[in-house]
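Last residue of the sequence shown: 221 in our numbering, with the numbers rising by one and none dropped.
Do not take every clue at face value.
Stated by the list, open to error - DSS-like, lysine-lysine: derived pairs with alpha carbons at most 30 Å apart:
no., residue 1, residue 2
1, K219, K175
2, K149, K169
3, K149, K175
Stated by the list, open to error - Quick list of simulated restraints, FRET-style, between CB atoms:
no., residue 1, residue 2, range
4, P126, T190, 26 to 36 Å
5, W220, T158, 17 to 27 Å
6, D123, P205, 28 to 38 Å
7, W220, Q172, 31 to 41 Å
8, V157, I130, 10 to 20 Å
9, T158, D207, 30 to 40 Å
10, L202, A152, 17 to 27 Å
11, D123, L202, 25 to 35 Å
12, K169, D123, 19 to 29 Å
13, W220, V157, 13 to 23 Å
14, K169, L109, 16 to 26 Å
15, T156, P126, 12 to 22 Å
Treat the hints as calculated values from the structure; they're not laboratory data. For each residue, glycine too, the CB sits at the ideal point set by N, CA and C.
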Amino acid sequence: MNYNPADMRFLGSPIDYIIFQGYTEAKDGPADIQAVIIADIKRGKYANLSGIQEKIKAAVEAGRVYWQTIYIDDESNLTLTDLPITQSEFIENPGAAELPRESNPIDLRQQILDWGDSGRLDYVPQLVIQAESQSYEIRRLVASAIGKIAAVNPTVTVLEQAIPALAKLSQDDKPQIRQYAVKALGNITSLAVRPLLEAALNDPVDYVAQAAQTALQKWQ
2 MNYNPADMRF LGSPIDYIIF QGYTEAKDGP ADIQAVIIAD IKRGKYANLS
52 GIQEKIKAAV EAGRVYWQTI YIDDESNLTL TDLPITQSEF IENPGAAELP
102 RESNPIDLRQ QILDWGDSGR LDYVPQLVIQ AESQSYEIRR LVASAIGKIA
152 AVNPTVTVLE QAIPALAKLS QDDKPQIRQY AVKALGNITS LAVRPLLEAA
202 LNDPVDYVAQ AAQTALQKWQ
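Put together the whole structure using the sequences plus the hints.
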């Protein structure tokens, strides 16, 4: 069965979508194909597989695709076209590559999500470090996590160490990272935050500017 670039199909719980990047034949055995990226939006994996799903599973297990879990927050404005997929992540030698498995005991993405959900201030220094990540997804999750922690600890001075990192993220080339950074800044009660939010009012992306406007309303 052939799939065109960016073909999307609904698979059902716990898998929402699979996104095929490139072109491939989903069949058992070796094949001269381009890599496929499967994005599992609900962090699930193989459930109630049948038909094409079984073929996808076989392709994954044969090492001919790249499995990637995409973490999307409920309030995210991320669309499927914004998913962080780059050519460098493709498997270029089908069958020879080792698949990245979610069984890895240290999943940084999940760890950052947990840090944010915990609301604990002692995770802020580690989040500040991760804000320098080259990964779009990690930077986005970091901004979101700091925002969650700040939401329950708005006046705690330890959060001020996160302001320079958030200031940089508010200038990121990815608009959704800027949005999360602006929201996080809006949750921190510090005079250093206001000029950053005012600057974000001029962001060319509407939802980033709107996030800044909403955050500034807290100062009124």
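Right, here's what the structure says about each hint:
1. Restraint check for K219 and K175: satisfied, since their Cα atoms lie roughly 25 Å apart, inside the 30 Å limit.
2. Between K149 and K169, the direct Cα distance comes to roughly 18 Å. Compliance with the 30 Å bound is thereby established for this hinted pair.
3. A distance of roughly 20 Å separates the Cα atoms of K149 and K175; the hinted pair therefore holds under the 30 Å criterion.
4. With their beta carbons about 19 Å apart, P126 and T190 fall outside the hinted range of 26 to 36 Å.
5. The beta-carbon spacing between W220 and T158, approximately 18 Å, falls within the hinted interval of 17 to 27 Å.
6. Here the CB-CB span from D123 to P205 is close to 36 Å, well matched to the stated 28 to 38 Å.
7. Between W220 and Q172, the C-beta spacing of about 21 Å breaks the proposed range 31 to 41 Å.
8. Range check, V157 to I130: about 19 Å between beta-carbon atoms, so the 10 to 20 Å window is met.
9. A beta carbon spacing of about 33 Å between T158 and D207 agrees with the range 30 to 40 Å that was offered as a hint.
10. Taking 17 to 27 Å as the suggested C-beta distance range, the pair L202 and A152 conforms, at roughly 21 Å.
11. For the hinted restraint 25 to 35 Å between D123 and L202, the CB-CB distance of approximately 33 Å keeps it satisfied.
12. Range check, K169 to D123: Cβ separation about 22 Å, and the 19 to 29 Å hint holds.
13. In this structure, W220 and V157 meet the distance hint of 13 to 23 Å, their C-beta atoms being roughly 18 Å apart.
14. For the hinted restraint 16 to 26 Å between K169 and L109, the CB-CB distance of approximately 19 Å keeps it satisfied.
15. Taking 12 to 22 Å as the suggested C-beta distance range, the pair T156 and P126 conforms, at roughly 18 Å.
Comparing the model with each earlier hint shows violations of hints 4 and 7; every other hint is respected.
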